[in-house]
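**Q** Kindly generate the complete structure, drawing on both the sequences and the hints.
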Amino acid sequence: SQTIHQWPATLVQPVGSPLSLECTVEGTSNPNLYWYRQAAGRGLQLLFYSVGIGQISSEVPQNLSASRPQDRQFILSSKKLLLSDSGFYLCAWSLGVGSYEQYFGPGTRLTVT
Amino acid sequence: SQQGEEDPQALSIQEGENATMNCSYKTSINNLQWYRQNSGRGLVHLILIRSNEREKHSGRLRVTLDTSKKSSSLLITASRAADTASYFCATDARAAGNKLTFGGGTRVLVKP
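As given, the protein sequences belong to chains D and G, one line each in that order.
With the working numbering applied, the first sequence covers 1 to 113.
With the working numbering applied, the second sequence covers 1 to 112.
Source of the hints: derived by calculation from the structure; they are not laboratory data.
Hints are supplied without guarantee of correctness; some may be wrong.
[Unchecked claim] Listing some non-contacts, in silico: residues in chain D with all C-beta distances to chain G over 12 Å:
| no. | residue |
| --- | --- |
| 1 | E22 |
| 2 | Q70 |
| 3 | V112 |
[What the hints assert, rightly or not] Pulled a few chain G residues facing chain D out of the computed Cβ check, cut under 10 Å:
| no. | residue |
| --- | --- |
| 4 | G4 |
| 5 | E6 |
| 6 | Y35 |
| 7 | G40 |
| 8 | L48 |
| 9 | R54 |
| 10 | H57 |
| 11 | L61 |
| 12 | G97 |
| 13 | N98 |
| 14 | G103 |
| 15 | G104 |
C-beta: ideal position from N, C-alpha, C; glycine also.
**A** Structure follows, in structure tokens:
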């Protein structure tokens, strides 16, 4: 069966510090991978998605970046965090775009102080 | 602006009652999905309804889709305290590059 992991679960970082969040998927090959951000009490905002190794599409201009160094690994990064980067970050995977359900990881709660 | 907007934003009911929430969207869609999120957790897929379907059932869940009104509803029958969660609709539309667009969610509290 497929499993998706995210770490860390919680993170408190000062403004201006770097960020690296990691997501890995087990039990499937060549998944589509997604990074979402969720503000408190709000819906999900798609940040990045990837259909293959090294293929990253950015949905929202920001100081975040994403990379996919391996088929089942998706990394969200920032060189310098802003207060507005605080939120709940969710990684998800699917077998394709559109008419496929997405499977979500447990999320990372990021607080920028 | 978001493609899907849920209504109401919050709902409080007694255990055993039915819970109904609605989702409206703006552009033509290929399908619509409903997800559930327990507090502080990831989302879990509940049901997918395609644009050529009008109603779908899964256990205590019933989803309807009215493409003429660009709206969908999720009904949870005989609710339980464990149904307490936020529920999100997500649309897949060609105009959005066939990526899912999530609404703001409905927070449901089921009181025992």
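**Q** Hint check: is the beta carbon of Y35(G) less than 10 Å from a beta carbon of chain D?
**A** holds (8 Å)
**Q** Classify the hint on G104(G) as holds or violated, based on whether any CB of chain D lies nearer than 10 Å to its CB.
**A** holds (4 Å)
**Q** The hint names G4(G) as touching chain D; please verify it with the least Cβ-Cβ distance against 10 Å.
**A** Holds, because the Cβ-Cβ distance from G4(G) to chain D comes to roughly 8 Å (cut-off 10 Å).
**Q** Does V112(D) clear chain G by more than 12 Å, comparing its Cβ with all Cβ atoms of that chain?
**A** holds (18 Å)
**Q** Would the hint on R54(G) be counted as holding, given a Cβ-Cβ threshold of 10 Å to chain D?
**A** Interface hint status for R54(G): violated (17 Å vs cutoff 10 Å).
**Q** Would the hint on G97(G) stand, with a C-beta cut-off of 10 Å toward chain D?
**A** Given a least distance of 8 Å, the restraint on G97(G) holds.
**Q** Should the interface hint for L48(G) be scored as holding, given a Cβ-Cβ cut-off of 10 Å against chain D?
**A** Check passed: Cβ of L48(G) comes within 6 Å of chain D, closer than 10 Å.
**Q** Should the interface hint for G40(G) be scored as holding, given a Cβ-Cβ cut-off of 10 Å against chain D?
**A** holds (7 Å)
**Q** At a threshold of 10 Å, is the proposed contact between E6(G) and chain D supported by beta-carbon distances?
**A** holds (8 Å)
**Q** Taking 10 Å as the limit, does the beta-carbon of N98(G) come near enough to a beta-carbon in chain D?
**A** holds (4 Å)
**Q** Closer than 10 Å between Cβ atoms is the bar; does L61(G) clear it against chain D? Give me holds or violated.
**A** violated (14 Å)
**Q** For the hint on G103(G), just tell me whether its beta-carbon gets within less than 10 Å of chain D.
**A** With Cβ-Cβ at 5 Å, under 10 Å, it holds.
Violated hints for the displayed structure, listed by number in ascending order: 9, 10 and 11.
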